[in-house]
Every structure is written in structure tokens, then in C-alpha cells.
Amino acid sequence: MTQPTETGRARPEAIKAVAVRHPGRWVMIAVLAVLVAMFLHMIFTNDGFRWSFIFSSYAPGKRGVMFTEPVLEGLRGTLLLTLFSMLIGVGLGIVVAVMRLSPNRVLSSVAWVYTWFFRAVPRLVLAVIFGNLNILWSRIGFGLPFDKQIGQLFGIDNFDGQIFSIRSTDLLAGFVAGMIALGLSEAAYMAEIVRAGIQSIDTGQSEAAVALGMSRGQVLRRVVLPQAMRVIVPPTGNEVIAMVKDTSLVAYVPVTGELFFQLQQVEARTFVVLPCLVAALIWYLIICSVLMVIQFFVERHFGKGYGAAGKARQRLRDIQVEQGGRITATGEGTP
Amino acid sequence: MTEMVRAENVHKSFGSLEVLKGVDLTVPQGGVSCVLGPSGSGKSTFLRCINHLEKINAGRILVDGDLVGYRERGGKLHEMSERDVARQRQSIGMVFQRFNLFPHMTVLDNVMEAPCRVKREKKAEVRDRALSLLDRVGLAAKVDNYPAQLSGGQQQRVAIARALAMRPKLMLFDEPTSALDPELVGEVLEVMKGLARDGMTMIVVTHEIGFAREVADEVVFMDGGVVVEKGSPSEVIANPQQERTKAFLSKVL
Ligand SMILES: Nc1ncnc2c1ncn2[C@@H]1O[C@H](COP(=O)(O)OP(=O)(O)OP(=O)(O)O)[C@@H](O)[C@H]1O
Ligand SMILES: [Mg+2]
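Chains B and F are the protein sequences, given in the same order.
Start counting the first sequence at 1; every next residue gets the next number (full-length UniProt numbering).
Start counting the second sequence at 1; every next residue gets the next number (full-length UniProt numbering).
Just chain B, with the same shape it has in the complex (with noise of 0.2 Å):
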């Protein structure tokens, strides 16, 4: 026999118990509290930073040293290497990943290779071998390949198949050649973080949209990548603060048009190293806090349809639907 559950049982009192004490966690704390304590004092008590350099004039009649005009250009040139490595390092990427993945050995074996290679040069030898590629050839051009060896076959001497060509030099220099060494320097990292998102997707779901018609690329641009977003985009993210970092690097290609290039420059002129120094430091710590923001957003928009967020959304719709009126977000009912 099954028993009636008692109902209108009176709520017992809530437990009141002493809590378990942590006496190391409170020892930890004070240590702590009392090193912030330290380190807090002597960023406002030394004088040796100079906050008045840094921030408000660095000479007579001139603005802080983060905030003068060099300084903001390198500043700028910085987002900029910044932005374009990174869509070239994304696209190429991607590219990469998806040939690496290919069925044709070829393809795969070609991807292979470039990962292999650009993940075994450093950064700055890249950025430095870019800065003095232009030796190789006098013009870079579009056209046909191998136009003079094709002419000299049929007696033609300086035979010209190219559409258009300029100067290397006056395109494999400073800003350009650090761009794309850094661009090609992280496709390869790309490549491997685009991989592993691809290769996280159940075979189901592209079996299931090849089952309704779609073609490859549909199956990875709509059903695919757009999953994979969720397991690229943390380590993304990384690599877009490593690069912001990494592209203090070009100096040696050299591009002058970078931030701590032109810091330097200010201290080399001032001989105020610290303060200096530090003023890059802030700069550094504000471009990447604002990317962890903007990569805070980004995760939540591919995290759709997984996930505490996306539930708790789903259940307030729900109950916005059930009392048949908008509610607000403290939840309560607005006629």
C-alpha cells in the first residue's frame, strides 16, 4: 500500500550550526592584503615612475608621453598589425585546417608542411628573414608563371607574361612584410585550432546535412564551423592577446609604426626609462582587457542553444509566454 504524503506540515527551523573554521585561508589573506598594501604605496609614494610624465606632460608644452602623437601612432599601427595578422592568420587558417582535413593526400601532406614549418620558426626570425625577402626578387608581380623560362623556349629574350608588377621593395618592407609574417606565422597556429574545432563536431551533424542536399562548402560554412565557433573562439582569443604582444616583434623588420618602437624612441631622446616602459605597460594591459571584453561577448553570441545562459533566456520567454504579457527582469508581470 502506497502512503498519503503528509501535507500542511509546519517548515521545520532552519539549521543554525558553527561554521568549520579556515585559520591558514585568513593567514593567506592578511599576507596578501598586506603585499597589495606594500605594492599600492610605493605606486603612489616613489617618485621614480613619474606619473605626471606618463600621464599628463612629459616635457614643457607637451602631453604625456602615452598620450603624444608618435606614440599614439604606434599605438594605432600596433591594432592595425594587430587586425590584419590576424585576418590573415583566421582565413589562411582556415584554409589550412580544411585542406588538412581533405581526403587527398596531397592537400593534407601540403597542409602538413606548412603548419610544420611556420610553427618551427620563431616569430622574430620570421619577422626579420620578411624584413630582408625583398633581396630574392626585384619585382613581385600576377601573371604567367614561369613567363621568362616560357619565352626563352620559343627564342623570345625578356618575355613579360605579367599583368602587373611592382617593386619589392617598395612591397615587402617595414609594415607590409611584418604584417605577413605574422599573418603566415599564425595561420599555422589557426590551422591547428580550427582543426581541432572541426574534428570536435559530431559526424552526424554534417551526415545530416548532406542527407537534405547540401553541398560541402554549405555543410562547413552553415552546420560545421559555426559549431566548431564555440571550441575556436577561447584559444582564439588567446592568440589575438599573444599577437597584440607579438607585434612589438616587427620592430626588427623593422616597422618604426608600432608602439613600443616609438616608446622607445621617447626614452631614447628623454633618457626616462621606467616611466617609459610602464607607459607601454598601461597601453598593453588596456588594448587587452578591452579584447577580453569583446571575446566575453563573442563566446556568449556562439554559445546559442548550449548552455546555463541560453536556458535561463529560453525559461523567461517560456514564462513570458505562459502569463500571455511581458514580464520584466525582476520578473514581475506588467499588465
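Hints should not be assumed to be uniformly reliable.
[Stated by the list, open to error] Computed footprint of chain B on chain F, listed as stretches where at least three residues anywhere in the stretch have a Cβ under 8 Å from a Cβ of chain B:
#1 90-98
#2 113-125
#3 161-170
#4 179-186
[Unchecked claim] Computed spacing ranges between beta-carbons, pair by pair:
#5 L17(F) to G161(B): 49 to 55 Å
#6 L79(B) to P182(F): 29 to 35 Å
#7 F117(B) to G186(F): 45 to 51 Å
#8 R105(B) to G199(F): 43 to 49 Å
#9 V125(B) to K55(F): 45 to 51 Å
#10 K169(F) to V121(B): 55 to 61 Å
Read the hints as simulated data drawn from the structure, not as lab findings.
For glycine and all other residues, C-beta sits at the position ideal for the given N, C-alpha and C.
Please build the complex by placing chain F with the ligands on the supplied structure of chain B, with the hints as guidance.
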């Protein structure tokens, strides 16, 4: 009555393992064939051959009179291009054991995706059709939900609606209720029964003997890569002739 599916002597191997060893099957337009058989007998493989998810090694399969995956020209078979295979698949709906809904799209977007992207139909029309299909499978209230927010039975009904949105002339079901809790099986079978009543041509791999008995025009029993026995439900299920069929049915009934 015209033939919707005709499979002749279909062979399929994975490496050295021969999974299908000469399977024949004919389904008339509007007919419902239920395929029964023990695990590993090649039922899924055969179904996947019909929409060319697997390439067959010998024999031929015709859907609505057209060879699947190949074209015959001058007595020689030519492999179809990927695009033509994709076009062929548009008219063959498939429902999987594990639903395989797209988790990053809402229920409505799941249903609208293929008609909009593959057939490039007008969005407003597709939307109306998708909504009425979802209504038909009893999910009008869930159109804005994501698949993860639905029960298994609801997900499978969405998967059926998604396949129907392409207006297929043939539907393939691969154990559509095997991944479901027992109390959710009925709602999916109800939808499938409705489809059969409306004249959809269907091939259903299933362990639901009751469903086969009620809905199937023909029951096919497969074992070891061959069709062991086939006939009307009253013949194969109620009165099997082959030992292997009897042994299998005694286990599942
Ligand atoms: N892609 C594949 N590669 C190699 N072997 C495979 C592949 N797919 C299926 N097989 C093999 O083919 C045989 C038949 O598999 P199939 O999935 O068609 O069986 P089934 O009748 O659907 O069984 P179940 O009832 O368990 O789903 C099995 O032995 C399986 O291991
Ligand atoms: Mg199977």
C-alpha cells in the same frame, strides 16, 4: 503502380568486410516497407546506400526511375558529380536514430535551413510551410526553442519536419525511436503513421514490431547482409517461414 525504389543485387563492402551481399528491395509509390533484423545485419548500411551516403560496390539502386549516384551513358556507368548527388538527395528525406538536429539553430531555423539554402526558395513561403509542418508534428509552441531544450521525442519530430520541409518523395527512417525513452516512442510513431496514411513512400528500419504490423505494406527481414524473408506483415511477423526470422522475432516480441 509505379516503383519509387528498386534495389537490385546490392553489394557493399567496408575494406574486406562484406556487409551487404546482394540485397533486393522494391517499394511502390506510397508503399511502406519495414526492415527488421538483428544488430550488424546491414540495415543502416543499406538505407545509407539508398541516398548515396555510402557507395555501393555492385548492383544498382533506382529511386523514382533514376540511378542513384551514377548515370548510364552508352552502356557505361559514370559517377555523378557532387552537385548532382546533392540534388538527388534533396528528394530523399532521412531521419536518424540520434536525431542530428543542428544544435546552434532554433527549431524553426532547423526546418527552414535546407529549403532556403539548398533549394533557394522564398523565405516567407518556407516559413509558412515550416510552421505548418511543425504544427502537424505537434510542436507549434516550440518553434523558437533550441534542440537542447526539447525532449528526445520532440527532437525526433522536429527532425521529421526538417526532412519533410524539402518535400521529399521518399523518406528513410533509421531506427527513429531506438534512442528514445519508452514513453516517448508513441508520439514519434504517431507522426510516422500519419505520414504513411497521407501516402508518403517510406522505408523504416525499426525494432517496433507493433508499428510494422500496423503500418507496413511489406516487412523485410535482413540477416548477415541478405534479405532472409519478406512479405506482408501477416506473413512475416505472424507466420515466419525461416528459422532465423523465427529466432529473431521470438526475441523481440
Ligand atoms: N563506415 C564503416 N566502416 C567499417 N565498417 C562498417 C561501417 N559502417 C558499418 N560497418 C559494419 O557493417 C556492419 C553492418 O552495420 P550496420 O550499421 O549496417 O548494421 P545494422 O543492421 O544497422 O545494425 P544496428 O541494428 O546495430 O544498427 C557492422 O558489422 C558494422 O561494423
Ligand atoms: Mg543501424
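Results of checking the hints against the structure:
Closer than 8 Å: that is the beta-carbon criterion, and the segment 90-98 of chain F has 6 residues meeting it against chain B, so the requirement of 3 holds. Given a C-beta distance limit of less than 8 Å, the hint that chain B covers the segment 113-125 of chain F holds, as 5 residues qualify and 3 suffice. Counting residues of the segment 161-170 of chain F whose beta carbon lies closer than 8 Å to any beta carbon of chain B gives 3, which meets the minimum of three for the stated coverage. Counting residues of the segment 179-186 of chain F whose beta-carbon sits less than 8 Å from any beta-carbon of chain B gives 0, not enough to reach three: the coverage restraint is violated.
Between L17(F) and G161(B) the Cβ separation comes to about 53 Å, which falls inside the hinted range of 49 to 55 Å. Between L79(B) and P182(F), the C-beta spacing of about 59 Å breaks the proposed range 29 to 35 Å. Between F117(B) and G186(F) the Cβ separation comes to about 59 Å, which falls outside the hinted range of 45 to 51 Å. Taking 43 to 49 Å as the suggested C-beta distance range, the pair R105(B) and G199(F) conforms, at roughly 48 Å.
Roughly 48 Å separates the CB atoms of V125(B) and K55(F), a value that falls within the hinted 45 to 51 Å. K169(F) and V121(B) have their C-beta atoms about 56 Å apart, which keeps the hinted 55 to 61 Å range intact.
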